[in-house]
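Enquirer: Between the sequences and the hints, there should be enough to build the whole structure, so can you do that?
In numbering that gives the first Met the number 0, the protein residues as written are 0 to 80.
This list has only true hints and no planted wrong ones.
Distance condition first, Cα-Cα at most 30 Å in a straight line; then the derived DSBU-like pairs of lysine-lysine:
id: 1; residue 1: K4; residue 2: K56
id: 2; residue 1: K1; residue 2: K56
id: 3; residue 1: K26; residue 2: K4
id: 4; residue 1: K1; residue 2: K52
id: 5; residue 1: K26; residue 2: K56
id: 6; residue 1: K4; residue 2: K52
id: 7; residue 1: K1; residue 2: K26
id: 8; residue 1: K52; residue 2: K26
Since the hints were derived computationally from the structure, they do not count as laboratory data.
On a predicted model such as this, the values are computed, not experimentally measured, just so you know.
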Amino acid sequence: MKFLKGQNVTYIALSGRSYTATVVERKMDFKKGLIIKSTTKERDFHYLIEIQKNGTKEHLLCAENQLRILECKKRMAKKAA
0 MKFLKGQNVT YIALSGRSYT ATVVERKMDF KKGLIIKSTT KERDFHYLIE IQKNGTKEHL
60 LCAENQLRIL ECKKRMAKKA A
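Expert: Structural data, given as structure tokens:
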């Protein structure tokens, strides 16, 4: 598991759109009884994430390959001559 609980990540949806998300739980930390496999497809879920979309919070189960580390690009201030 390369992402940590509480880490900010980028979630890439099946549509290709990306969202800023936070890791809530990891598969190894899931409590007993939480669904960890999709019933429609044979795919394991590795993380429970929280996404803020349109002013509401959503919790999603996702695979590790759908997440990327959130890179905060800092703009360099131009030096005044």
